[in-house]
Structure formats: C-alpha cells, structure tokens
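A.B. asks: Residue numbers (the working numbering), protein chains in the order written: chain R, 1 to 220; chain F, 1 to 472.
Just so you know, the hints here were simulated from the structure itself, not pulled from any lab data. Be a bit skeptical, because a hint or two may be false.
[Said to hold, decoys possible] The calculated BS3-like cross-link candidates involving lysine-lysine, where the alpha carbons are at most 30 Å apart (straight line), are:
#1 Lys29(F) to Lys78(F)
#2 Lys69(F) to Lys211(R)
#3 Lys210(R) to Lys427(F)
[To be verified] Far from chain F by the CB rule (all over 10 Å, computed), these chain R residues:
#4 Asn11
#5 Phe36
#6 Ala47
#7 Leu64
#8 Glu72
#9 Lys94
#10 Arg176
#11 Val179
#12 Lys211
Using N, Cα and C, we set each Cβ at its ideal position, and we do this for glycine too.
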Amino acid sequence: MEKDHSRILQNLRKAVEEFDAEKAREAAIEAVKSGFDPVKAIEEGLAKGIKTIGDLFEKGEIFLPELIMAAEAMKAGTQILMDEVRKRGLNVKKLGKVVIGTVHGDIHDIGKNIVISMLEASGFKVIDLGVDVPAEEFIKKVKEVQPDVLGMSALLTTTAPEQGRIIKMLKDAGMRDKVNVIIGGAATSESWANEIGADAYAADAVEAVKKIKALIGIKE
Amino acid sequence: MSRLEVLSKEEIKRIHGESLTILEETGVKILDEDTLRMLSRSGVDVDFNNNLARFPESLVKEALRSCPKSFIALNRDKENGVKIGGDSIYIVSGFYASYVLKGGKRMRGTVEDVANFAKIADCLKNINAVGVEVLPQDVPAHVSELYACYAMLDNTTKHLFFSPNTQFSAKGLVEIIKTFTGEEDLLKTQIVTFQSSPTSPLTWERDSLGVLIESSKAGISCNILPEPLAGATSPITLAAVLLVHNAEFLSGLVISHLVRKGVPVIYGYSPTIFDMREVSPIIASPETIALRIAHAQIGRFYGLPVHCIAPDSDAHCHDEQLAWEKIITFFAALNSGVNILINSGMFSTGLVASYEQLVIDDEIIGFLLRVIKGIEVTTETLAVDLIRKVGPRGHFLNQMHTLRHLRTEYWFPELSNRATYDNWLRKSGKDIVTKAREKVSKYLKEHKAPELSQENKRKIQEIIKKFEKMKS
Numbered sequence: 001m002e003k004d005h006s007r008i009l010q011n012l013r014k015a016v017e018e019f020d021a022e023k024a025r026e027a028a029i030e031a032v033k034s035g036f037d038p039v040k041a042i043e044e045g046l047a048k049g050i051k052t053i054g055d056l057f058e059k060g061e062i063f064l065p066e067l068i069m070a071a072e073a074m075k076a077g078t079q080i081l082m083d084e085v086r087k088r089g090l091n092v093k094k095l096g097k098v099v100i101g102t103v104h105g106d107i108h109d110i111g112k113n114i115v116i117s118m119l120e121a122s123g124f125k126v127i128d129l130g131v132d133v134p135a136e137e138f139i140k141k142v143k144e145v146q147p148d149v150l151g152m153s154a155l156l157t158t159t160a161p162e163q164g165r166i167i168k169m170l171k172d173a174g175m176r177d178k179v180n181v182i183i184g185g186a187a188t189s190e191s192w193a194n195e196i197g198a199d200a201y202a203a204d205a206v207e208a209v210k211k212i213k214a215l216i217g218i219k220e
Numbered sequence: 001m002s003r004l005e006v007l008s009k010e011e012i013k014r015i016h017g018e019s020l021t022i023l024e025e026t027g028v029k030i031l032d033e034d035t036l037r038m039l040s041r042s043g044v045d046v047d048f049n050n051n052l053a054r055f056p057e058s059l060v061k062e063a064l065r066s067c068p069k070s071f072i073a074l075n076r077d078k079e080n081g082v083k084i085g086g087d088s089i090y091i092v093s094g095f096y097a098s099y100v101l102k103g104g105k106r107m108r109g110t111v112e113d114v115a116n117f118a119k120i121a122d123c124l125k126n127i128n129a130v131g132v133e134v135l136p137q138d139v140p141a142h143v144s145e146l147y148a149c150y151a152m153l154d155n156t157t158k159h160l161f162f163s164p165n166t167q168f169s170a171k172g173l174v175e176i177i178k179t180f181t182g183e184e185d186l187l188k189t190q191i192v193t194f195q196s197s198p199t200s201p202l203t204w205e206r207d208s209l210g211v212l213i214e215s216s217k218a219g220i221s222c223n224i225l226p227e228p229l230a231g232a233t234s235p236i237t238l239a240a241v242l243l244v245h246n247a248e249f250l251s252g253l254v255i256s257h258l259v260r261k262g263v264p265v266i267y268g269y270s271p272t273i274f275d276m277r278e279v280s281p282i283i284a285s286p287e288t289i290a291l292r293i294a295h296a297q298i299g300r301f302y303g304l305p306v307h308c309i310a311p312d313s314d315a316h317c318h319d320e321q322l323a324w325e326k327i328i329t330f331f332a333a334l335n336s337g338v339n340i341l342i343n344s345g346m347f348s349t350g351l352v353a354s355y356e357q358l359v360i361d362d363e364i365i366g367f368l369l370r371v372i373k374g375i376e377v378t379t380e381t382l383a384v385d386l387i388r389k390v391g392p393r394g395h396f397l398n399q400m401h402t403l404r405h406l407r408t409e410y411w412f413p414e415l416s417n418r419a420t421y422d423n424w425l426r427k428s429g430k431d432i433v434t435k436a437r438e439k440v441s442k443y444l445k446e447h448k449a450p451e452l453s454q455e456n457k458r459k460i461q462e463i464i465k466k467f468e469k470m471k472s
C-alpha cells in the first residue's frame with residue numbers, strides 16, 4: 001500500500017515534469033480509482049512537479065513552452081482531482097486570491113495567461129478580467145472580490161501609464177493599502193514599478209508566483 | 001548555403017596554369033642538398049650551384065592526383081574519427097602565440113599556459129582539435145614543443161596540431177607520438193597534424209623542409225602553409241599573392257609526394273598583407289578576407305582539404321575591432337568551404353593568446369555554425385497542419401511541435417546577453433569578457449581530461465629528457 005501510494009505520487013509528479021497532460025490525466029484517474037486522498041495527490045504529487053519545473057526554468061535549464069506545457073499538465077490532472085475533492089466534500093485551501101488583467105488599450109494576453117496558469121498551478125485562486133480592461137473595471141473588481149493581490153499587465157509603452165493611473169485611483173478610493181499590486185509586461189520594469197508605486201514587478205511567470213507569495217507572506 | 005566566391009572558374013584555372021609555369025621556369029630555391037638530390041632523381045630539373053629546383057608540370061599533376069582528398073582525424077585515444085576534407089568543418093584552437101594576455105599585460109607563455117589552454121579547449125564544444133596555443137618559454141627553447149606536447153596530451157583527448165619550429169623538434173614530436181600510440185607508422189593513426197611553411201618568395205629553408213619530410217616519412221598529415229606578405233615577399237597585387245602562394249604550396253606537395261606517396265597534405269594559408277604606413281603585417285583586413293575566399297576556391301578546385309587561419313584579429317585588446325574582425329574572418333572562411341580553421345583564442349595578429357578569448361571565440365563559432373546550418377524546409381518544419389489547428393489569434397507556446405523543435409532548431413548562447421535590462425542587471429550586469437573569465441575559472445577548476453597512464457607519462461618524459469640533452 002505504502003509503495004502504491006508513493007508510485008501514484010511519483011506518476012503525478014513525473015507527468016508534470018515531462019510536460020505530459022495525457023499522462024497527468026491518467027495518473028489522476030488512477031489516484032481517484034485507488035481511493036487516494038485527492039488533496040494529497042494535488043499537493044504532494046502535481047504541485048511538487050510544478051515546483052521542480054519552476055526551479056529549472058529559473059536556472060535557465062528549461063524553456064518557456066515547457067513551463068507552459070507543464071502548467072497545462074498540472075491543470076489537466078487537477079481538474080480530475082478537484083472533482084473528487086468536491087465529491088468527498090473536502091476542501092483545498094487556496095494560497096490566496098489574485099485579480100488580474102491586461103490594461104485598457106492593450107489586447108496582449110499570452111503573457112498574462114501564462115502567469116495565470118502558473119498561479120493556478122501553484123494553488124492560487126485567480127480572477128481573470130481579460131484584456132483591454134477599463135480602469136474602472138479593475139477598481140470595481142477589487143472592491144467586490146477583495147483579493148490579496150492585483151496584477152496588471154501592459155505590453156506597450158503607450159499603455160503602461162494606465163497601470164499608474166489605476167494605482168492612483170486605488171489611492172483616491174482609499175483602497176490602496178488593502179491590496180498588493182504587482183505589474184508585468186514588456187513595457188514595464190522594476191524602476192517603472194517604483195515610479196508608479198506598485199509593490200512589485202515580475203519579469204516572468206515563475207517570478208510572478210514567487211513575488212506574489214512574498215507579498216502575502218507565504219514562505220517557499 | 002551557397003558559398004562565397006571572388007574568383008571565376010577561368011581565373012582559378014589561370015592561377016593554376018601560371019603556378020605551373022613559375023614552378024617549371026623560375027623554380028624554387030631548396031636549401032638542402034639531400035632534398036635536391038632526391039628531387040633530381042625523381043625528374044626535377046635541379047641546378048645544384050644555385051640550389052634551384054624546376055618542377056615539371058607532369059610531376060605536379062601526379063602529386064595532385066595521388067594526394068588524398070580527405071583523411072580521418074582521430075583523437076588522442078585513437079577514437080572519434082572525423083573526416084577532414086569535402087564539406088567537413090574542423091575547428092582548431094591555437095596557434096603559437098608568443099604571449100598570454102593576463103590582467104591587461106602581455107606575459108611570456110609557459111608550459112602551464114599550454115596545459116590550461118588545452119584544458120579549456122577540451123571543454124569547449126565547438127573546438128574540435130587543439131593546437132599549441134602559446135609557445136612555452138619557461139623551458140629550454142629546443143624542446144619547448146615537446147613539453148607543450150606532453151602538457152596537451154595530459155589535458156585534452158582532442159586531436160592535436162603542431163607547427164614544429166625545427167626538424168629536431170619534429171623528430172622529437174614524432175618519437176613521442178609513435179611511443180604514445182604504439183604505432184611505428186602513423187598514416188592510419190592520425191592523432192596529430194603537423195604544419196610547415198616555405199619562405200616567400202619561392203624558398204624552402206632547411207628546417208621547414210625537415211619538418212615536411214619528417215611528417216611525410218612518419219605518415220602524419222601536414223598542412224603546407226605558404227605566407228607571402230603582399231608587397232614585401234610577393235608582388236603587392238592580390239592575384240599575385242595567390243599565385244606565389246599556390247606555386248609554393250605545389251612545390252611542397254611534390255616534395256611530400258616524393259618522400260612518401262599518399263600522406264595527407266592540406267592546402268593551407270595564412271593570408272597576410274603588409275600595412276605600408278604602420279609597417280606591420282595584417283591578417284584581418286578586407287583584402288585578407290577576399291584572399292581567404294579565393295584560397296578556399298582554389299583548394300576546392302584541387303579537391304584537397306583546405307586550411308585557413310580564422311577567427312583572427314589585429315586588435316590588441318578586447319574591443320569592438322577585435323569582435324568584428326573575429327566574426328568576419330571566421331564567417332568568410334566558413335562560408336567559402338574551408339575545412340580546417342585554426343586560431344581560436346588569439347589576437348594581436350597572432351602574437352597574443354587569451355584564455356577569455358578562447359571561450360569568446362567558441363561562442364562566436366557556435367553562432368556562425370548555426371547560420372550556415374541554414375533552414376530546413378519539410379512538411380514537419382513548415383507545420384501547415386499546426387497552423388490550421390491553432391488558427392488565427394492563437395499561440396504556439398503550448399504545442400508539442402514547439403517542444404519537439406525547441407532545443408534543436410536554435411542555438412543557445414553560453415555568454416551573450418539575452419536578458420532584458422532589468423534581468424541582466426539583476427543576474428550580473430557583467431560584460432562578456434568578465435563572463436568569459438568566470439567560465440575560464442570554472443573550467444580550470446572543474447575539468448580533468450581522462451588521465452594518461454603512468455607508463456605513458458614516464459615514457460614521454462624520458463623522450464623529452466633525451467632530446468633536452470641533445471643540441472638541436
């Protein structure tokens with residue numbers, strides 16, 4: 001039994017490390033069939049795999065498409081395991097809530113979507129506002145959802161100022177100290193984040209997860 | 001990729017024809033009685049009073065016919081055979097600098113430097129073979145190359161290149177290699193390549209001849225490398241430089257052929273012009289690049305393995321001139337079909353070697369090798385079905401096709417910056433020379449080539465001692 005358990009966890013982890021969504025699905029189905037604890041399967045199986053992948057990406061040993069495919073494999077396995085979680089009336093504790101979107105005037109979503117998959121794979125609840133999101137919509141959602149973190153993406157030099165404008169609107173509405181703000185996208189940088197008063201900047205999806213964890217006090 | 005060309009077919013034939021005429025009418029000065037006698041016996045018209053040999057066309061053609069079009073270069077352990085010739089590319093570190101640049105200062109080369117360069121070259125994936133990077137000057141001059149040879153055998157398994165300074169030195173090297181391989185005849189066991197140069201215009205000194213002859217007798221492949229200095233030791237015009245070079249090469253080819261038929265000979269060249277304002281030889285001018293291309297064309301016309309120096313620079317420090325000259329000399333040679341490219345790690349017109357530069361050159365070479373690999377067009381690489389499947393406004397980052405080609409379609413730099421400004425600053429903020437220096441330390445600290453047997457070490461050391469006691 002003990003051996004079986006370690007094999008199930010290993011299959012889940014390996015499926016993610018091998019960027020293989022099909023294998024992840026199979027491993028998740030096997031876990032459910034054998035009555036394995038689905039929460040444990042996510043946290044000690046799939047999540048371990050994505051952690052390894054994130055570390056390798058940071059070291060430059062694997063590349064962006066592999067990171068994305070690993071996150072997709074994680075998602076495929078998680079979907080099946082989450083059904084089981086609900087069936088058993090269990091609970092998977094989310095690390096935190098993140099509202100995210102690409103600012104008004106900017107329709108680029110590839111980078112933002114990669115950040116979302118990595119956040120979800122790491123155990124965050126993500127509310128995706130999509131692209132070309134008006135400033136008012138960001139404010140409204142933050143008020144409504146009360147997330148731990150607001151993430152804003154901007155690819156264009158012409159749309160990056162929108163990030164600053166939204167931060168100012170948060171201040172004016174008295175909400176700035178209630179939410180952490182992280183920015184990203186090709187037009188942004190560490191110094192831009194400082195300039196507009198964001199709490200953090202992330203250059204890629206793995207760093208975004210790391211910085212968001214740091215912002216809300218979660219240790220790696 | 002289509003090759004670079006600066007000569008037409010007719011022009012190549014004309015240079016060939018005029019070379020034959022020079023060999024037959026003007027002749028070549030041969031400063032060695034024994035060689036003159038051998039040439040005379042083989043049908044060469046020898047004027048013993050003036051040490052002049054006039055080569056008949058038929059003999060040159062016979063030598064060209066019987067010279068191997070390619071040969072197999074082996075590594076130290078007689079493994080990993082690589083074909084030299086045809087379309088193959090073989091990149092060699094080295095070659096025979098006087099100084100090593102350390103902390104911005106020129107220091108005389110030592111045996112330890114040779115060992116370190118060999119160690120670094122052993123780590124670099126684009127460097128196929130290892131030449132004496134710097135001549136060691138902390139040991140007696142007449143056996144310096146023997147010490148270098150030991151240091152190289154001990155620190156790399158790659159094929160080795162020598163350009164023996166004297167016949168004495170060539171004899172010592174041959175004895176080491178024969179003992180090391182356990183082969184009396186090295187024709188089928190090419191673990192080293194030699195190089196020898198006539199003196200322009202149209203002269204073979206005794207020692208250069210000696211090196212060529214020792215090499216041929218032992219069956220070792222030899223790079224014959226004439227170095228006419230445009231305007232000084234050849235007429236100033238580039239066509240005449242090619243002509244003098246070619247005539248000199250062919251004379252060497254015939255001598256090698258007469259010493260021993262069938263030993264591989266390489267069509268070598270170190271294109272050099274003479275800057276008449278600075279009064280200095282130059283190897284990375286636009287003219288030398290045109291000469292590299294022309295040289296490769298003539299070598300390919302003969303069907304011989306072609307050598308050329310590259311990547312090269314006449315700059316004295318790690319600046320922009322160094323970078324662009326390195327790139328253009330190498331790219332020209334590579335793109336014109338040169339098989340053997342020697343000089344990685346050097347600059348200052350071949351006077352200075354640098355650890356950092358060897359690592360940087362490996363990076364430049366990797367970059368340019370990817371360029372000439374070109375673009376593969378197949379059903380798989382056109383990915384029509386994939387484009388249909390993903391459709392407009394989709395993306396390809398999460399496709400198996402992307403994963404399949406991710407690591408093979410692209411070259412990945414070891415040193416060059418590709419990070420955004422922020423990430424670059426965060427990661428290191430370091431320039432390429434600093435990064436190269438860090439790689440050097442890592443290689444020197446961590447790398448160890450498979451060790452020589454105690455018996456081999458002892459035997460080689462005995463040979464060195466024996467030659468050291470002799471006068472050259």
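A.B. asks: Give a verdict on every hint.
C.D. replies: Hint by hint, here is what the structure shows:
1. Lys29(F) to Lys78(F): Violated, because 38 Å separates the two Cα atoms, which is more than 30 Å.
2. Lys69(F) to Lys211(R): violated, 61 Å
3. Lys210(R) to Lys427(F): holds, 16 Å
4. Asn11: Check passes; 20 Å lies beyond 10 Å.
5. Phe36: holds, 28 Å
6. Ala47: holds, 20 Å
7. Leu64: Its Cβ does come within 10 Å of chain F, the nearest being 6 Å, so this is violated.
8. Glu72: violated, 6 Å
9. Lys94: Per Cβ check, Lys94(R) is outside 10 Å of chain F; nearest 24 Å; holds.
10. Arg176: Answer for Arg176(R): holds, closest chain F Cβ roughly 24 Å.
11. Val179: holds, 24 Å
12. Lys211: At about 13 Å from chain F, Lys211(R) clears the 10 Å cut-off, so the statement holds.
Hints 1, 2, 7 and 8 from the list above are not met by this structure, while the remaining hints are.
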